[in-house]
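Asks: Sequence:
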Amino acid sequence: MSNQEGGNDQGKWLHHVDGSSNSTQGEQGLVLRDPEGIKFEVAVKLNFIVTNNEVEYEAVIARMNLAMQLGAKDVVAHTNSQLVAQQFGRTYEVKETSMFRYLQKVRDLQLAFENFELHQVPRKENERADALSKFASATSGIKSRKITLLVSEHPKKRDFHIIKSLEMLWKTNVSCYLTFRHLMTNGKP
1 MSNQEGGNDQ GKWLHHVDGS SNSTQGEQGL VLRDPEGIKF EVAVKLNFIV
51 TNNEVEYEAV IARMNLAMQL GAKDVVAHTN SQLVAQQFGR TYEVKETSMF
101 RYLQKVRDLQ LAFENFELHQ VPRKENERAD ALSKFASATS GIKSRKITLL
151 VSEHPKKRDF HIIKSLEMLW KTNVSCYLTF RHLMTNGKP
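UniProt numbering applies: residue 1 is where the sequence shown begins, and numbers increase by one.
Take these hints with a grain of salt, some might be off.
[Unchecked claim] Label pairs and their in silico Cβ distance ranges: (1) F113 with E93: 17 to 27 Å; (2) A131 with Q82: 32 to 42 Å; (3) G11 with N47: 33 to 43 Å; (4) E41 with K124: 13 to 23 Å; (5) T24 with K73: 33 to 43 Å; (6) K39 with T97: 30 to 40 Å; (7) R123 with N22: 13 to 23 Å; (8) Y92 with G37: 31 to 41 Å; (9) L83 with S23: 18 to 28 Å; (10) N22 with R101: 34 to 44 Å; (11) F40 with H119: 13 to 23 Å; (12) E125 with L66: 16 to 26 Å; (13) I49 with G71: 31 to 41 Å; (14) F40 with E117: 29 to 39 Å.
[Claimed, not checked] Each computed DSS-like pair below joins lysine-lysine, with the alpha-carbon atoms no more than 30 Å apart: (15) K39 with K95; (16) K39 with K73; (17) K12 with K73; (18) K45 with K124; (19) K12 with K105.
Keep in mind that the hints were calculated from the coordinates and are not lab data. Virtual Cβ for every residue (Gly too), placed ideally from N, Cα, C.
Kindly produce the complete structure, drawing on both the sequences and the hints.
Replies: Below is the structure:
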């Protein structure tokens, strides 16, 4: 259906969602990939009490809204929530009023697309969305703002040696000047 790094052959927008909750809030991880392979990744913190099933629906709805804003017409959604996927596919009966409202919202949003599919996938195939959900959970106490994540490819100890060498050169230069009243050039007095 799609390749991992690039786009996909059928012009479909692929999205993966995951959610989790605790006693005070919910978290979501959302990954959307357009037909050319460009990824949109979002970590969302829900500052309200929500159940695990509700947060999974919230994640699907959030991703559907983003897909609509980006002009997607053909969307294949993936969730590791068996309940959400099976209720959407009419395999599971909806018993709770809150779940019925969420399902109805998904069905209403579905009308905005030429094609919308929602499939359950194993947790292993949803790791990226799960990681974003955990990232949102780890931001407890942080208000909404941009956070920059820096990834270092090399240990900083290499930079330390350079800094230490420059520090030694500076100290040696000052010591030389104080002793001989002469500045070093190229490491020589």
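Asks: Indicate, hint by hint, whether the structure satisfies it.
Replies: Status of each hint after checking the structure:
{"no.": "1", "hint": "F113 with E93: 17 to 27 Å", "verdict": "holds, 25 Å"}
{"no.": "2", "hint": "A131 with Q82: 32 to 42 Å", "verdict": "violated, 20 Å"}
{"no.": "3", "hint": "G11 with N47: 33 to 43 Å", "verdict": "holds, 36 Å"}
{"no.": "4", "hint": "E41 with K124: 13 to 23 Å", "verdict": "holds, 18 Å"}
{"no.": "5", "hint": "T24 with K73: 33 to 43 Å", "verdict": "holds, 38 Å"}
{"no.": "6", "hint": "K39 with T97: 30 to 40 Å", "verdict": "holds, 35 Å"}
{"no.": "7", "hint": "R123 with N22: 13 to 23 Å", "verdict": "holds, 18 Å"}
{"no.": "8", "hint": "Y92 with G37: 31 to 41 Å", "verdict": "holds, 33 Å"}
{"no.": "9", "hint": "L83 with S23: 18 to 28 Å", "verdict": "holds, 20 Å"}
{"no.": "10", "hint": "N22 with R101: 34 to 44 Å", "verdict": "violated, 22 Å"}
{"no.": "11", "hint": "F40 with H119: 13 to 23 Å", "verdict": "holds, 19 Å"}
{"no.": "12", "hint": "E125 with L66: 16 to 26 Å", "verdict": "holds, 20 Å"}
{"no.": "13", "hint": "I49 with G71: 31 to 41 Å", "verdict": "holds, 34 Å"}
{"no.": "14", "hint": "F40 with E117: 29 to 39 Å", "verdict": "violated, 19 Å"}
{"no.": "15", "hint": "K39 with K95", "verdict": "violated, 35 Å"}
{"no.": "16", "hint": "K39 with K73", "verdict": "holds, 16 Å"}
{"no.": "17", "hint": "K12 with K73", "verdict": "holds, 8 Å"}
{"no.": "18", "hint": "K45 with K124", "verdict": "holds, 22 Å"}
{"no.": "19", "hint": "K12 with K105", "verdict": "holds, 22 Å"}
Violated hints, listed in ascending order, are 2, 10, 14 and 15; each of the other numbered hints is respected by the structure.
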